[in-house]
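Residue numbers (this note's numbering), protein chains in the order written: chain R, 1 to 399; chain E, 1001 to 1399.
It is worth saying that the hints were derived from the structure and are not from the lab. Any given hint might turn out to be false.
16 Å max Cα-Cα, derived EDC-like pairs, lysine to aspartate or glutamate [what the hints assert, rightly or not]:
no., chain 1, residue 1, chain 2, residue 2
1, R, Lys-52, R, Asp-81
2, E, Lys-1163, R, Asp-338
3, R, Lys-263, E, Asp-1363
4, R, Lys-163, R, Asp-177
5, R, Lys-163, E, Asp-1338
6, E, Lys-1077, E, Glu-1058
7, R, Lys-77, R, Glu-62
8, E, Lys-1077, E, Glu-1062
9, E, Lys-1263, R, Asp-363
2 protein chains.
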Amino acid sequence: MNKIEIEQASAASRARILRLLRIHGRLARIDLARLIGLSPATVSSITADLMKDGLVREVPGEEGQAGEGERARGRPKVLIDLVADAACVIAAKISINEIQLALGDFTGAVRAVETMHLGTREIAAEALIERLGEAIADFRARLTRGRGPCLGVGMALQGIVGKSSVLTWSPAFSLRDLPLVDPVAARVGLPVILINDANAIALAIHDRPAYAEIANLGVVMLGAGVGMGLILGGQLYTATSGAAAEFGHTKYHQGGPLCMCGKRGCIESYLADYAIHRDASTLFDLPGGEVQHPSEDQMRSIVARADQGDPRAVELYSQIGRVLGFGLGNLIALVSPDLVIVTGPGVRAWRHIESRMRRGLSDAVIGTLLANTRIEPMSWDEDLVFRGAFGQVLDRQPG
Amino acid sequence: MNKIEIEQASAASRARILRLLRIHGRLARIDLARLIGLSPATVSSITADLMKDGLVREVPGEEGQAGEGERARGRPKVLIDLVADAACVIAAKISINEIQLALGDFTGAVRAVETMHLGTREIAAEALIERLGEAIADFRARLTRGRGPCLGVGMALQGIVGKSSVLTWSPAFSLRDLPLVDPVAARVGLPVILINDANAIALAIHDRPAYAEIANLGVVMLGAGVGMGLILGGQLYTATSGAAAEFGHTKYHQGGPLCMCGKRGCIESYLADYAIHRDASTLFDLPGGEVQHPSEDQMRSIVARADQGDPRAVELYSQIGRVLGFGLGNLIALVSPDLVIVTGPGVRAWRHIESRMRRGLSDAVIGTLLANTRIEPMSWDEDLVFRGAFGQVLDRQPG
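Construct the complete structure from the given sequences, taking the supplied hints into account.
Next up, the structure:
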């Protein structure tokens, strides 16, 4: 290798070590070496550099946490950990009429979230870019002090993101084919990436050590819309166009309810928050509020009716389970993932959905095929869209 | 490289050259070198060995067929071609109550086909293996003389083939989880592979130079069943289990007609030959014949009614188009292939299916997504199942 190649290889190893620490948390050097496939001596040399740069630090290991090799040699237990405030990153999650900005630290943890309302559906492109740029610049000025350099902005939203980072279509906008990335980057003076929200979640989950080895993983996000991130052969599948895994726009019934995409009978038009709220409004006198993007409180008040045993609410969630089972049946027939994780705020009603969903699945698909796919809910304690967007920005850093 | 590594590399290059000649037909050495990424000298050395072994031969090039480099140097136009009778291969295509055996030559061309009837649906495992082994041995003894050594048998069938080459499920059998490969190989004394019929077709099509560069390709086979082979990222996608792309068992309507898989409303239960014949029997007094596996003549007689403008037949095919469009809509939403090829004997009625299929698609899926996928029929002049099965056996030869 010549000097440039050696520098490139070293930069790549630095980046991989930072990524491993972000995914696994603090690790002994010997375990880092095993995970990355380099000699302990090389890893020690790289971590020494990273320490000098203030990106990682040594921390005392607790009982049972040090690497096996280190224990065996009776050395003191020392682990390497990321310095959380070595750098920071911003995520912008754009939903219908709402923008959430989140601050992430160098470990990828969420440190602050702010929500602003913006009438996204009727906004013009220039106004959108100006408001978004202003909001991000203001958020950065107020919140990143003392948190190291800001590495970039990960924008995530429901909709179709083309390969060239153009926002092709989103239910949040009437705008189409919007080149969001470069104009926002120019305004905020930071690198900007754009990612579909469900893809961000799928990447955040596939990053976890427990799921990293699953070759074919589908992650369904139930919430404002119904999204999916699809990992095939260990990689995010984005088709040639950038737009794939539009699970929410597979069909339940051609003559079904109107979907935000403008077509009828998409499973999103039964399963998304706006759809559940629309159907619940038909059954109950609901208190006023947002109907296109109902709040978590609004949605929880519908779940509460089912919790209390109201048969109309129980039946409503049962119908939702049937539609979800039908959709998952098509996914399993076509792609047969090893695991499907159902997550997003919509899992709030899982207990009322699951049994009818599983019955729907076994009505639809032969057992031989069903047996290849596990289906698991994942509670929505943390907004994994932020995690995924942070991760995409942090992964692009040279270290 | 040590001696063993050099031999392995050389064997791999021999195999790749044979494969390129099978796919492209006769080629100049200079074009072979370009396609394979080796020096012309290395290619000349390997082709000399292959000539000595009687696997390839030189043939005079016609005008415009020699490689550009050779023309430029004013050399005589000499092409390298496979020796068709250097070796042969057998394919066994197993359908409901029917087995077809085909003989392929070293170029992968079909040289003979024989059809035998066998009550597959009620047969026991031992009897099936015995009859299949006998039939293949007899076919080989009668037909392969003078065609070089027989390299192996490619068995193709409708149904689910597991990763370990176990026949998991097929509508042709009531048997389940049948380890067909090893027992048949032991009986016939040849290597045997087992492949899903639609996967065989997809591989045969993706082998063609015109389609080889398409990263994400769906091939729908309409015929005795409705199958699909899915190429994703340039590779056949078979999930972890071996069973994927069961397009025929995605759903049109949960309360729909009974499918051979035992569930209701699979799109196969509207689109497969048995389904079209069942529905046509409801409308017309059809002549007697097979109902589970109707013949090509039986199926053509139904198409003929639509050709003649019988409004009931026209409406039947229009309904079929709607269901196909609906199914393709789900495929496009989930996988968004660059190209979907619709082929198999069922394309016989394409002219009566297509317009309603396209209308169904645009009813179902937003234009932004539809724009990423071309849909094309491919006429079923040749049984590509044989081509694909031959190719799988020939590709496994060390050359």
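Hints, verified against the model:
{"no.": "1", "hint": "R/Lys-52 / R/Asp-81", "in the structure": "holds, 13 Å"}
{"no.": "2", "hint": "E/Lys-1163 / R/Asp-338", "in the structure": "holds, 14 Å"}
{"no.": "3", "hint": "R/Lys-263 / E/Asp-1363", "in the structure": "holds, 7 Å"}
{"no.": "4", "hint": "R/Lys-163 / R/Asp-177", "in the structure": "holds, 12 Å"}
{"no.": "5", "hint": "R/Lys-163 / E/Asp-1338", "in the structure": "holds, 14 Å"}
{"no.": "6", "hint": "E/Lys-1077 / E/Glu-1058", "in the structure": "holds, 10 Å"}
{"no.": "7", "hint": "R/Lys-77 / R/Glu-62", "in the structure": "holds, 7 Å"}
{"no.": "8", "hint": "E/Lys-1077 / E/Glu-1062", "in the structure": "holds, 7 Å"}
{"no.": "9", "hint": "E/Lys-1263 / R/Asp-363", "in the structure": "holds, 7 Å"}
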